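Colleague: Starting from the given sequences, assemble the full structure and let the hints guide the process.
There are 2 protein chains.
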Amino acid sequence: MPFQIQEAIEVLERTPQTLETFLAGLSDGWLACREGEGTWNVSEVIGHLIEGEKSNWVPRLEFILREGESKPFPAFDRHSHLKEEPEKPIGQKLHEFKTIRARNIAKLQELVGDARQLERTGMHPAFGTVKVRELLSAWVVHDLTHIAQIVRVMAERYRTDVGPWSQYLGILKKAPSE
Amino acid sequence: MPFQIQEAIEVLERTPQTLETFLAGLSDGWLACREGEGTWNVSEVIGHLIEGEKSNWVPRLEFILREGESKPFPAFDRHSHLKEEPEKPIGQKLHEFKTIRARNIAKLQELVGDARQLERTGMHPAFGTVKVRELLSAWVVHDLTHIAQIVRVMAERYRTDVGPWSQYLGILKKAPSE
Numbered sequence: 001m002p003f004q005i006q007e008a009i010e011v012l013e014r015t016p017q018t019l020e021t022f023l024a025g026l027s028d029g030w031l032a033c034r035e036g037e038g039t040w041n042v043s044e045v046i047g048h049l050i051e052g053e054k055s056n057w058v059p060r061l062e063f064i065l066r067e068g069e070s071k072p073f074p075a076f077d078r079h080s081h082l083k084e085e086p087e088k089p090i091g092q093k094l095h096e097f098k099t100i101r102a103r104n105i106a107k108l109q110e111l112v113g114d115a116r117q118l119e120r121t122g123m124h125p126a127f128g129t130v131k132v133r134e135l136l137s138a139w140v141v142h143d144l145t146h147i148a149q150i151v152r153v154m155a156e157r158y159r160t161d162v163g164p165w166s167q168y169l170g171i172l173k174k175a176p177s178e
Numbered sequence: 001m002p003f004q005i006q007e008a009i010e011v012l013e014r015t016p017q018t019l020e021t022f023l024a025g026l027s028d029g030w031l032a033c034r035e036g037e038g039t040w041n042v043s044e045v046i047g048h049l050i051e052g053e054k055s056n057w058v059p060r061l062e063f064i065l066r067e068g069e070s071k072p073f074p075a076f077d078r079h080s081h082l083k084e085e086p087e088k089p090i091g092q093k094l095h096e097f098k099t100i101r102a103r104n105i106a107k108l109q110e111l112v113g114d115a116r117q118l119e120r121t122g123m124h125p126a127f128g129t130v131k132v133r134e135l136l137s138a139w140v141v142h143d144l145t146h147i148a149q150i151v152r153v154m155a156e157r158y159r160t161d162v163g164p165w166s167q168y169l170g171i172l173k174k175a176p177s178e
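The listed protein sequences derive, respectively, from chains D and X. Take the first sequence: its letter number 130 is residue 130 in full-length UniProt numbering, and every next letter is one higher. Take the second sequence: its letter number 106 is residue 106 in full-length UniProt numbering, and every next letter is one higher.
Just so you know, the hints here were simulated from the structure itself, not pulled from any lab data. Source: prediction; values computed, not measured. Heads up, some of the hints might be wrong.
Listed below are several chain X residues computed to face chain D (Cβ distance under 8 Å; list not exhaustive) [to be verified]:
| no. | residue |
| --- | --- |
| 1 | F22 |
| 2 | K131 |
| 3 | R133 |
| 4 | A138 |
| 5 | V141 |
| 6 | P164 |
| 7 | G170 |
Glycine included, C-beta positions come from ideal geometry on N, C-alpha and C.
Modeller: Printed below as a string of structure tokens:
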């Protein structure tokens, strides 16, 4: 089935509220745990999602629609959210994510009113030619990737607590750093 | 840090509402897609979570507290939810999961009022001796495993749509059947 923007929006608009429902009010034990040194905790993942809203998805969409393939869009620093000091509380981050995502979905609907625009092309700095619909699908799968990361990081906390059940729990089957 | 029942409950009580926020009202395209033949779609995963509430976690806890290691608890059929016909709508399943989970958390709090009970042991039919706290941690990680499965199944739908972004999207890096 061909890519349909309305189905992509169904996921994009649910992610922030889903994460708020799951994460708001959790103990620090859940929010601060990591899969190992140099990996992100849950709160840092939310910071990365906010950064993507600010500098990645919609800015790149606007860039493609404005410039086409004439020049590559600026690279996105996937670690820039870690530079922010001091760390904001998770509740504030979740709220910020919800607000900026809602604004970006409104912008998306305004910018891509017509299915033909899904075929417009731009120049990714590493990939070369990319289509608007590839960018939008990647935005959705990026949400799904980071929801998966959040639950994987949390599961890590109970790796030894589950005892022999670890062999039935797929999420624990990979090495912590994977 | 030693296992604390209150932290386990924080996750257990959030899972149903989180899934309802994420899944209720999604198009059939998202709810019906699979990772391949013989794998579960999103709706079947919710069926499995309901089945776990009915026949696995709390029933086993009660069994351990009643029988100790004197006899193994009955095996849990991980595919029993697939036998149910006809398939219920996802909204109804999500509601059912929420209701039965709330009841089970109340039962859990009633049964394990004292941290010493976390060390009580029972006999798993395959693993041998298991502790109450291992069962309860496994219940939490089981939720996390199936949230991860749900987003992985959904991501699969856009595997080709994302074009070159697939190399940056960790969730797509494994083979569909893994």
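Colleague: Evaluate each hint against the coordinates.
Modeller: Now for the hints, and whether the structure bears them out:
1. Proximity of F22/X to chain D holds as hinted, the smallest CB-CB distance being about 4 Å (cut-off 8 Å).
2. Against a cut-off of 8 Å between C-beta atoms, the interface hint on K131/X holds, since the closest Cβ of chain D lies about 7 Å away.
3. Checking R133/X against chain D: minimum C-beta separation of about 7 Å stays under 8 Å; hint holds.
4. The interface hint given for A138/X is met, as the beta carbon of that residue sits about 4 Å from the closest beta carbon of chain D, less than 8 Å.
5. A cut of 8 Å between beta carbons decides the hint on V141/X: the least distance to chain D is about 5 Å, and the hint holds.
6. Nearest Cβ of chain D to the Cβ of P164/X: about 4 Å, under the 8 Å cut. The hint holds.
7. The beta carbon of G170/X comes within 5 Å of a beta carbon in chain D, closer than 8 Å, and the hint placing it at the interface holds.
Checked against the numbered hints given earlier, the structure satisfies every one of them.
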